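Q: Listed below are the residues making up each chain.
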Amino acid sequence: MHRLKAITPLGGTSPQIDRFDGLVISENVDRALASVAARQGQDVACSAAVLDQLRLPLPKPGKWSVEAAYMAWWMGPDLWMVDADHTDHELLAVNVKRAVGGTGSVAEQTDGWCRFDVSGVRVLDVLERLCNLNLRAGEAGDAHRAVIEHLGCFVLCLETGRKYAVIGPRSSAGSLHHALLTTAQSVI
Amino acid sequence: MIINHPILGPRDAQEFIYLGDAALIDRPDWQADNAAEAFHDYLYLRDNPAGQHRELWFHEQGDRSWLVVTRNTVTHDILNVELARDVARARGRSK
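Just so you know, the sequences run in chain order A and B. Counting along the first sequence from 1, when you hit position 80 you're at 80 in my numbering, and nothing is skipped either side. In my numbering, each residue's number is its place in the second sequence (first place is 1) plus 1000.
It should be emphasised that the hints constitute simulated quantities derived from the structure, not laboratory data. Check the hints yourself; a few may be wrong.
[As the list claims (entries may be wrong)] Simulated restraints, written as ranges between beta carbons of each label pair:
no.: 1; chain 1: A; residue 1: Ser175; chain 2: B; residue 2: Thr1075; range: 35 to 41 Å
no.: 2; chain 1: B; residue 1: Thr1075; chain 2: A; residue 2: His86; range: 48 to 54 Å
no.: 3; chain 1: B; residue 1: Thr1070; chain 2: A; residue 2: Leu91; range: 43 to 49 Å
no.: 4; chain 1: B; residue 1: Ala1035; chain 2: A; residue 2: Thr13; range: 38 to 44 Å
no.: 5; chain 1: B; residue 1: Ala1035; chain 2: A; residue 2: Ser26; range: 23 to 29 Å
no.: 6; chain 1: A; residue 1: Pro61; chain 2: B; residue 2: Val1074; range: 41 to 47 Å
No experiment lies behind these values; they were computed from the predicted model shown. Every residue gets a Cβ at the ideal spot worked out from N, C-alpha and C, and that includes glycine.
All chains should be modelled from the sequences, with the hints used to inform the complete structure.
A: Next up, the structure:
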């Protein structure tokens, strides 16, 4: 019997939290992820199936949506990421696949990504130096992909000007975290 | 340079990767009698216009969609941006 211990994307046994004056960067390790790609010509049926089975309206381009336990963001044409609490939805991909049936292709994504929740009054000062998204013009509900530290990351606006989720490739979690920290240190 | 993405609006060109002439969408029929000649032309012969040019661009650091960008190679004006899949479907490419 192997005695395995789960580690976070940054390699710790508990999520890392970094505090600055007016900014908190916290590693969020409690999300399960699954991508849904509507099959050709099935985009309407796929969205309807997710709405019917999970009660979740799949978001429009550049947006995220939430309903009860599920959240989703738009990744590309006919492509979404569904997100839920990991403890309650460890088999998220299986459940989403069951919901969409033959209308969409589902891929387990939980261990492919790391997530940092960045919040505080200085959050825009940090993020505007890291990516070329016009976050000051955005609002809660926006979800975009952008380059941060040469990494393709999703930036979700959770609270306008106050709280953002930065979701990047897990294998480069250290680089992404380093970029967030060094930018915060130079700004604050 | 700013590319006006048909879904996401204006985005910086650094998010995109350039592939080449949009004529690459018109892949020859590999079962045709003149397939060898058609593929030679498809692979190696390119127009190199000074002026309006249709190009394939990939929004790698965005929504990962392929675009057909109509661009003036002399003035660098971007005249039109379409989703490549819409262009391909309009030509009867997708089944």
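Q: Look at each hint and say if it fits the structure.
A: Consistency of the hints with the structure:
1. Ser175/A - Thr1075/B: 35 to 41 Å: holds (39 Å)
2. Thr1075/B - His86/A: 48 to 54 Å: holds (52 Å)
3. Thr1070/B - Leu91/A: 43 to 49 Å: holds (46 Å)
4. Ala1035/B - Thr13/A: 38 to 44 Å: Given about 60 Å between the Cβ atoms, the range is violated.
5. Ala1035/B - Ser26/A: 23 to 29 Å: Given about 58 Å between the Cβ atoms, the range is violated.
6. Pro61/A - Val1074/B: 41 to 47 Å: With Cβ atoms ~32 Å apart, the hint is violated.
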